[in-house]
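Visitor: If you're matching them up, the sequences are chains G and R in order. All residue numbers for the first sequence refer to this note's numbering, where the first residue is 1 and numbers rise by one. All residue numbers for the second sequence refer to this note's numbering, where the first residue is 1 and numbers rise by one.
Some clues are possibly wrong.
[Said to hold, decoys possible] So the derived list for chain R, only partly shown, Cβ under 7 Å to chain G, looks like this:
1. G19
2. L27
3. L31
4. A35
5. L42
6. A45
7. G46
8. F54
9. A57
10. T65
11. L66
12. F67
13. F73
14. G155
Hints were generated in silico from the structure; no laboratory data involved. Note that the structure is a prediction, hence the values are computed from the model and not measured. Where a beta carbon is used, it is the ideal one built from N, C-alpha and C, also for glycine.
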Amino acid sequence: MITLYHFFFLTITILILVYMYRVFRGPTVYDRILGLNGISTKAIIMLTILGSLYERLEMFVDIALGYAVLNIIGGLAVGKYLEQKRTREC
Amino acid sequence: MTLFDDYLLLLLSVVTALGAVFVRDLLSGVLTLAAYSFFLALLWAGLGAVDVAFTEAVVGAGLSTLFFLVALFLTSHQEEVHKRLQVRMVTLGSLGVLGFLLLFGSVDLPVVGDPESLPSKHVSSHYLRKSLEETDTPNVVTAVLADYRGFDTLGETTVIFTAGIGCWMLLRRRDDSAT
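Go ahead and model the full structure; you've got the sequences and the hints to work with.
Guide: Structure below.
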């Protein structure tokens, strides 16, 4: 039986695959970082959908917020790395 | 729990793992590995092990990505391939044997959530029934980790703390970087 959750998961998986094409193909590093950020936001949405599937939404929302914070920290770290690399090469 | 989303997450994690192996630029490899960790954490959450999922997200997607980035910053981020065919065949063969052994061992694992399986019969029922009155902790996982296995957790924490001090000693920025 096809439920609404199947539809959600399939849609988000297709979206993630589109982002993943950008991560693998992307000509510059910045394309890859943006693709990874998009994948992380889709992972957060998937986590909240899982939470509503389990009917423990308040717990999964906390974890989704933790993921979002991790995502921000990861993006900042990559940005700092690239900045330091550029100033070193100049 | 439907198997459908499990299969989708497994597909995504396999795709990202293959991409992390085969991508040539090492920085992209690190980023793809972070995405792989996210999907693995989602799989753990789907199996109901939310604390494991959070550890996987923090360590796999956060901390190890940072360590790889620092290592890449200190070296180059292009992969140099100069392996001979013989070495590649040995690597492929040993990895194949390892994968066969792991799959062979996983045949005997009990079904997820099976009440008749050996781990569910031993001490788990005692933990589930008695942990609230014995330890006054509402979360069973916390009670097991911090109370029943307290010495074990203390040892793990000591090991992780020592490893953290070692990484800090290796990676800290020195003031005499002008040389």
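Visitor: Are any of the numbered hints broken by this structure? If so, which, sorted upward?
Guide: 12 and 14
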